[in-house]
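K.L.:
Sequence:
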Amino acid sequence: MTTITASRRPRGPLLSSELSTPVKPILRKPPQVLGTRSRDDEEDDSEHPDAKRRKTVMFDESLNMVKDLGSRSLDQVKQEVRLALQRHAAGDDEDYDNLKEIFGSDQKQRSSRNSDDEDYEAKSQDLLAYVVALTSHVTQLGRSCSGLVKAILKCSWLTRDDVFAKAFVQFLAALSSAQGSYLAQVLSMMVDKFSESRLRSPPNFPPVSRETVRQRLHLGLRYLLALFPAARSVLVGLITSKFPYSEESKAIHLAYVDNLLRLMKHTPELERDIMELITSRVVKLDVEMQLDLEETDDNITAAVMLQLRSDEAKANNDDEDDDADDSDAESVLSDDSALDENSAKVLHIKNHIEKMDAILDTLFELYTPYFSDPESPEAISCYENMLSDFSNVVLPTYRSRHSQFLVFYFGQKSTRLTEMFVGTLFNIAFESTRPSIVKQSAVAYLASFVARGARVTGEQVQTIARTLLNYMDYHRHNYEPECRGPDLRRYTQYYMNVQALLYLFCFRWRDLIDLENSSPRIDPEDPASYLGQDLDWMMGLKSGLQNNIFSKLNPLKVCSPGIVAEFAKLSHHLGLMYIYPRLESNKRIQLSQFVGAYSTGGALRDTGYDPQDEKWTHLDPYFPFDPYQLPISRRRLDESETYLPWTSILDLADPADDETEADDGDEEEENIEEDTATDDESTYD
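All letters in the sequence shown, in the order written, are residues 42 to 726 by the working numbering.
Incorrect hints may have been included.
What follows is a set of in silico ranges between Cβ atoms, one per label pair, in the way DEER data are often shown [stated by the list, open to error]:
no. : residue 1 : residue 2 : range
1   : Ser-559   : Ile-630   : 35 to 41 Å
2   : Ala-267   : Asn-433   : 27 to 33 Å
3   : Ala-271   : Gly-464   : 34 to 40 Å
4   : Asn-468   : Ser-570   : 35 to 41 Å
Think of the hints as simulated: they come from the structure by calculation, not from any bench.
No residue lacks a Cβ here, since even glycine has one placed at the ideal position from N, Cα and C.
Taking the hints into account, I'd like the entire structure generated from these sequences.
P.N.:
Dropping the structure here:
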C-alpha cells in the first residue's frame, strides 16, 4: 500500500467486524479537520448517546451491506479520497497517482504467489476502505479520472471475501449510475471474467472455489442489469465480441459457455441471443474441425484417434486436472522445438475435437430436463427455439458435422417433436423464396433424418416418401417438355428430391413394404428373409420411381454414384425394379454436352465454372446425420438408441448374379461407404 504520511498515528479500526488494522492515508499533509469533531456532531451525540459507533447503510440493502463502520476512520478515508480527487481536478496529481497506485499494487501483489510483504493483509483491508470511500465520491470520477477507474476495475474483487465482493459491486453500481459513460467499461470487465478458468486468490487469502467466484460475478451482473435494463443490448455485443477464439483452450471455452448459461438463467430476456451465439460458435468450431480432418492424411487421423482413446481414462478427472492438462497441451503446442509438424497437427486436431465434444455435451445436458415430458408446453417451446437456431445458423452452414445432432436427438423424444422437425424442413425445402442452396440443404437434412432416426415411425417414413414422390412428379411435369438431357445446374431441386428418396430407400426400405399383404415367410428382424419373396410395396412407389428414373431428366446420371449403386442393388434383389440397363446406357452419356447446349445463352458463363469437373455435374452426397464421431457426447445417442446404423444384406453379393451387375454392384458399394460416411468409416469407433 502506497502511503505518504507513514508517521501519522493510527486511528480506530475501519470495520469492527472485518478490519483489525488502521487505514493509512494517501494525502501528503493531512488537514486538521481530519479526526476532529464538529459542534453538530457533538449535538448529534447528545441526542443519540448510542451513536458513538454509527452504522452506515450501503447502496443496496438486498446485498446485506449494513456493516458497523468506525465512523471516524471511514470519514478520514473519504476525506482523503475527496481531497485527492479535488487536487487532481486542479492539476495536482500526486495524491491522485498514489490513489491509483493503491489499486495497482494490488495487481502486483496478486501476480506474485510468494509475496514477502507481511503487511499485505492489512493493505488488503485498507483496499476495502478505499472502495467504500470511492463509492461515496463517484460523482467526482469523471472522464479525467478514467485512469483511476481503469485501475480499480482491475482489482481482484472476486477472489477475496464476501464483504469485499459486495462492496465492490456497490461501487460498480454507484459508478455506473453517476457516470453512465463507464457502464460499458464495467460490463466489459465483468464479461472478461467469463473466460477465467484458473483462480488465484491474493496472498494470505484463503482459496475461493470456482463456484463461489461465478456466483459473486453473476450476483453483481444481475444487480447491474436490474438497475440498468438498457445495458442488456450492450452486454449482448460484449459477450459476442469476447467469445473465445477457436484456438483458445477447452477450459476457457467451457468457462465462457458456463458463464453464458448462468447469465441466461438469471436474465431470461437474453436467452435467444445467448443460445444463438453459442450455436453459431459451435458450428464454427464444427466446420473448422471438419476442414482440419479433411486436410490431413490417414496416418494423422489415426494418431488423433489413438490419442483420444488414451485420454478416455482421464474423462472423470476434476476440473483442476482438466485445466492442468489444457495448460500442458498449450505449452507443448507453442513449443515448436518440441514437436514436429505432424505431432503439432495431431495435438491441434485433438484439442479442437475435445472442445467441440465438451461444449456439445454441455448443451445436451442443458436441454435434457426440458424434455422429461416431451409433450409438455416447456418441451414444445424449447424445441421451437432449437429449431429456430437450427434454421438460422446450422442449416445454412455447409459441412456442419455434429452441431445438428441436438435437434436430431431431441426431435425423436415424441411423435409431435418429430413432426415439428420434419415440417420445418419441408417448409424450407419447398418455399419458393428461399435460396436454392438452403432448399437443397433442407432436403438433405430431411432424407438423412428419416434414414437415420431410429424412432421415426414406418408411417412417417411412408408419408415423407410419398411427399417426395409428389414433388418429383411435379417438377418432372414442368421440366420434361423442354429437357434435352440431364443437367444439374438447371434442375438441381428435382435431382435433390430424387437423391433424397433413393437414400431414404437404402436405409428404410422395410418401412416401405406392407407386410400384411406380403409373404408370410418374411422375418421382419432378418433383412435377408425378404430376398426372393413377393413384396407389396407402398402404393405409387414403383410406378413413381420408374416414371422419374426413365425420364429425359435421367436422375441416375446426376445423383451420387455411390447412392445410385446401392439403390440399384437393393431394388433389384428386392424385386422393386431393374435399372442396370439404364446405368449401362448412362456410361455413354457425357453430361458436358447438355451443359454446352444451354451455355450459348450466357446463363452458365460463371467465373470458375468447368463443365468437365464432376462437382458441377453430380450431386454432392452430403447427408448431415452420418455417424456421430465425438467420443464423449456420443453416449447420448448410444444410450438412447435413437440412431439407426447402416446394415447391409450379406446375401446380395451372390455369385449367381450376372457378371456386369456384380461388377457394377461391387464397385459402387465401395462408393456409397465413401460418399455417405456410413458406420464402417467412423473415425473414432
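K.L.:
Taking the earlier hints as the rules, which of them does this structure contradict?
P.N.:
none
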